[in-house]
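Number of protein chains: 4
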Amino acid sequence: MSDQTWKTAITDISGGQIRLRGYDIADVMEHLSFSDVVYLILKGELPDNQQRRMMEAMLVSSIDHGPTPPSNLAARTVFSGGNPLNAAVAAGVLTIGDSHGGAIEQCARILQEWAKKEGTPEELARALVADMKQKGKRMPGYGHRIHKRDPRTVKMLEIAERIGYKGKIIELAVAIQDELERTSGRNLPLNVDGAIAAVISEMGFDWRLGKGFFIISRVPGLIAHVYEEWTREKTMRKLGPPPFEYDGPEPRKLS
Amino acid sequence: MSDQTWKTAITDISGGQIRLRGYDIADVMEHLSFSDVVYLILKGELPDNQQRRMMEAMLVSSIDHGPTPPSNLAARTVFSGGNPLNAAVAAGVLTIGDSHGGAIEQCARILQEWAKKEGTPEELARALVADMKQKGKRMPGYGHRIHKRDPRTVKMLEIAERIGYKGKIIELAVAIQDELERTSGRNLPLNVDGAIAAVISEMGFDWRLGKGFFIISRVPGLIAHVYEEWTREKTMRKLGPPPFEYDGPEPRKLS
Amino acid sequence: MSDQTWKTAITDISGGQIRLRGYDIADVMEHLSFSDVVYLILKGELPDNQQRRMMEAMLVSSIDHGPTPPSNLAARTVFSGGNPLNAAVAAGVLTIGDSHGGAIEQCARILQEWAKKEGTPEELARALVADMKQKGKRMPGYGHRIHKRDPRTVKMLEIAERIGYKGKIIELAVAIQDELERTSGRNLPLNVDGAIAAVISEMGFDWRLGKGFFIISRVPGLIAHVYEEWTREKTMRKLGPPPFEYDGPEPRKLS
Amino acid sequence: MSDQTWKTAITDISGGQIRLRGYDIADVMEHLSFSDVVYLILKGELPDNQQRRMMEAMLVSSIDHGPTPPSNLAARTVFSGGNPLNAAVAAGVLTIGDSHGGAIEQCARILQEWAKKEGTPEELARALVADMKQKGKRMPGYGHRIHKRDPRTVKMLEIAERIGYKGKIIELAVAIQDELERTSGRNLPLNVDGAIAAVISEMGFDWRLGKGFFIISRVPGLIAHVYEEWTREKTMRKLGPPPFEYDGPEPRKLS
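Chains as they are written, first to last, in our numbering: chain A, 1 to 255; chain B, 1 to 255; chain C, 1 to 255; chain D, 1 to 255.
Keep in mind the hints are simulated off the structure, nothing from the lab.
Any given hint could turn out to be false.
Where chains are identical, the list cannot tell them apart; a pair therefore holds if satisfied intra-copy or between any two copies.
[Unchecked claim] For lysine to aspartate or glutamate, the following EDC-like pairs were computed, each having C-alpha atoms within a straight-line distance of at most 16 Å:
hint	residue 1	residue 2
1	Lys-43	Glu-123
2	Lys-43	Glu-228
3	Lys-117	Glu-171
4	Lys-168	Glu-113
5	Lys-7	Glu-233
6	Lys-7	Glu-250
7	Lys-148	Asp-178
8	Lys-253	Glu-45
9	Lys-7	Glu-118
10	Lys-43	Asp-206
11	Lys-133	Glu-181
12	Lys-253	Glu-30
13	Lys-7	Glu-245
14	Lys-234	Asp-98
Between the sequences and the hints, there should be enough to build the whole structure, so can you do that?
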């Protein structure tokens with residue numbers, strides 16, 4: 001069926017030689033951190049010092065959020081069914097969909113689109129919030145079911161401020177928070193999804209990579225949970241769900 | 001069905017507060033690299049400077065190996081079927097089984113078991129290789145289908161040597177290579193799986209985490225390939241397989 | 001986190017008792033075929049004799065299509081990485097996305113929407129094909145890369161004709177084929193995805209279940225391929241991909 | 001990398017022609033039920049009338065068990081994260097591991113091994129139970145956490161008895177139940193996993209296909225649950241887990 005040659009611009013391999021985006025693997029291992037190489041492999045170029053700092057903070061921020069997220073529940077459930085670690089981690093990654101981490105993608109897409117327009121961040125934020133309201137849509141990347149102010153966002157913005165990495169997109173993201181809270185009178189903080197969306201957009205990454213950054217950050221956390229399940233729990237323990245109530249057809253007979 | 005309370009020692013969460021292994025997330029984001037926090041979340045404690053250096057080199061080493069590994073083929077195939085990025089990455093992670101990355105787990109288990117015994121690395125290597133030979137088993141973590149000397153292993157060992165991080169387990173891993181090559185007369189280099197097995201064992205990680213380290217390292221590479229598939233290829237392109245030959249029953253009739 | 005009670009209308013369970021949609025499992029096992037029970041569990045009610053006949057033909061039709069579909073490639077690749085049968089089957093199911101089997105969902109959605117309108121099947125087909133053409137869209141469920149006339153569709157329609165199960169939706173699906181071929185002058189047969197879409201729509205199933213029927217039908221085929229991989233092949237055999245060509249950055253140095 | 005030709009004995013495809021195990025797809029759709037074709041594709045040959053009857057009962061028996069099994073929890077959790085139906089079903093299939101459905105494989109392996117030995121079913125059961133006890137192992141396929149007598153097993157054995165399909169392996173499976181209950185004084189009924197193991201072994205299927213039969217049977221149930229989640233629930237609802245208790249390190253400072 002297939003005799004085509006694949007084309008790829010990521011890694012070139014031959015006997016004894018591995019080059020990532022043109023750089024020899026030995027040089028890369030000598031000089032770059034893992035976080036740098038994540039940047040390199042996804043962007044094709046090396047980060048500068050500000051980008052390096054933001055990448056580290058961003059990847060650290062979402063490494064785990066305790067046992068509550070659905071990705072951890074799915075990963076532990078699959079492991080508990082008597083499956084290998086990689087299958088459990090895969091189930092966790094599978095869970096990271098449009099409603100769990102997907103806000104990064106959606107938020108980045110909107111930020112990237114609006115940042116191209118004319119206007120100050122405040123002007124754009126006003127127009128954007130009004131536009132979303134008119135369309136009856138919720139702005140993804142704002143609000144959190146547990147945190148009033150997400151400590152990860154606070155720290156990410158603080159670092160960006162200190163090192164002078166607040167370009168138009170990060171400022172737009174903050175201005176949207178202020179506008180959302182001003183117009184709604186409610187607590188609608190930029191959450192960690194929104195902060196990651198702003199930072200990767202500022203770095204020039206395509207919004208399509210939004211979920212990818214969250215997955216890279218969260219996979220070590222999933223592995224920690226699977227390993228804890230492995231070493232502390234029995235298989236097929238009662239992981240859930242809560243008691244269920246059947247509300248289908250009453251008992252009936254086949255005629 | 002479930003009214004038990006889960007116990008976890010990884011992350012504690014409450015409104016406005018996230019603590020990883022006891023450390024506040026804001027402090028962790030301020031002071032630690034992503035690679036450090038991978039170490040922290042899996043080990044429960046912080047790495048020292050030698051361990052930090054080895055972690056970075058190790059995670060960088062396996063981030064990608066071009067389009068040839070089966071995990072990349074599975075990830076691109078799932079994406080090409082018209083599925084989201086996370087589903088494609090999950091398929092890649094699913095592929096990382098006993099025959100693809102699993103050698104890390106198996107090699108680490110053997111190294112950890114043998115390093116507890118009395119004897120110099122050379123003595124242990126001789127006994128181990130003889131024992132494997134007698135049992136008719138292959139030592140996992142040695143030999144490579146493409147590389148005669150794996151450039152990733154060479155660099156990892158060079159860094160370990162330079163910073164003085166060659167404890168008994170790493171020395172045992174190298175001694176096994178020498179013994180395998182001496183007794184077989186063939187090229188059987190410590191490959192990158194074996195090198196990772198040796199390094200994580202030296203750091204005191206449980207062999208059960210072997211596949212986990214490979215997954216953490218490889219996930220960004222999988223994402224780069226899925227993104228390349230997304231942005232450079234059409235869905236349902238001919239990804240494979242090669243032409244097939246049917247050798248089942250001849251055409252026959254239902255009576 | 002969770003103290004809600006789940007609600008479900010599918011199956012009620014208590015000690016010694018299992019009821020599917022109200023029917024006792026023992027009665028169901030006594031009187032119904034597997035295909036009947038697939039209908040029951042998804043619809044909530046029993047099929048009549050015509051529906052029973054169509055269900056069997058439909059589920060049989062797509063059970064396998066040789067090693068060429070991407071779902072088989074993904075399943076075999078995951079198994080070949082040294083993973084259990086269920087992980088390999090899961091990878092196959094993961095592949096069944098918008099571009100591989102997804103046409104059933106999309107085609108059923110369109111058929112269900114248009115069948116509600118006034119007009120004969122021929123009138124509706126003319127309007128629908130004109131509408132798609134104007135919007136620059138391709139009608140999903142028509143055309144096949146291997147078969148000029150899909151033998152599965154031919155047989156499904158023949159059975160429907162013979163038993164008198166050609167309601168408005170099936171007639172619309174056939175009329176669309178005729179209209180597509182008349183207006184394009186090309187071979188654009190109703191393929192098996194389109195035929196399944198028409199049959200499940202005629203039965204009153206929600207288009208959202210389209211991919212589900214394909215998955216039910218194909219899973220035994222995936223298992224047959226994984227089992228063949230297990231019993232006839234070595235792990236990590238060369239499953240693909242074809243030779244690749246690197247077209248990224250030229251070799252360069254880290255400064 | 002790959003220029004080999006694949007070999008397969010399952011399905012032969014060419015333009016306008018599909019043959020399953022040598023039989024033309026149109027004939028197969030005309031004459032066989034879905035359950036028959038599951039048998040055909042996995043065995044290579046057609047079932048006789050007794051085997052047809054047992055296949056239907058067996059596939060029906062395990063189609064669903066309410067929301068409690070971990071595979072349903074994983075499938076609903078993945079869907080709830082904002083993912084497509086196929087990804088959710090894949091997560092359900094992923095969960096079906098050694099501790100959830102895996103008893104079929106393990107039980108079938110033991111039954112197939114012991115049925116080859118000389119002796120009546122009762123003699124073999126005594127020897128087998130004594131052997132397991134001496135090795136400190138539990139016999140897989142016996143006992144149930146909800147049902148004292150599994151109604152699915154009772155019905156499957158009743159049908160086997162009525163149609164005269166009780167060969168040596170099914171009799172051995174029943175004799176083991178009697179011996180386990182006699183020697184332990186506890187309720188240890190042949191459960192549905194054990195019953196499926198006995199029936200497929202009697203039919204001559206390899207134990208390696210044990211999990212496969214369970215997956216085929218359960219996939220429609222998983223789809224019914226995912227569809228119910230889709231149409232009755234909001235995404236990211238609280239699916240679990242129960243409240244958690246953190247028992248890791250006390251709050252501490254990075255020095």
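Against the structure, the hints come out as follows:
no. : hint                : in the structure
1   : Lys-43 <-> Glu-123  : neither (30 Å within a copy, 47 Å between copies)
2   : Lys-43 <-> Glu-228  : between (34 Å within a copy, 11 Å between copies)
3   : Lys-117 <-> Glu-171 : within (14 Å within a copy, 50 Å between copies)
4   : Lys-168 <-> Glu-113 : within (12 Å within a copy, 45 Å between copies)
5   : Lys-7 <-> Glu-233   : between (45 Å within a copy, 10 Å between copies)
6   : Lys-7 <-> Glu-250   : between (59 Å within a copy, 15 Å between copies)
7   : Lys-148 <-> Asp-178 : within (14 Å within a copy, 59 Å between copies)
8   : Lys-253 <-> Glu-45  : between (68 Å within a copy, 12 Å between copies)
9   : Lys-7 <-> Glu-118   : neither (38 Å within a copy, 50 Å between copies)
10  : Lys-43 <-> Asp-206  : within (9 Å within a copy, 34 Å between copies)
11  : Lys-133 <-> Glu-181 : within (13 Å within a copy, 45 Å between copies)
12  : Lys-253 <-> Glu-30  : between (73 Å within a copy, 12 Å between copies)
13  : Lys-7 <-> Glu-245   : between (54 Å within a copy, 5 Å between copies)
14  : Lys-234 <-> Asp-98  : between (32 Å within a copy, 13 Å between copies)
Going through the hint list in order, the structure does not satisfy hints 1, 9.
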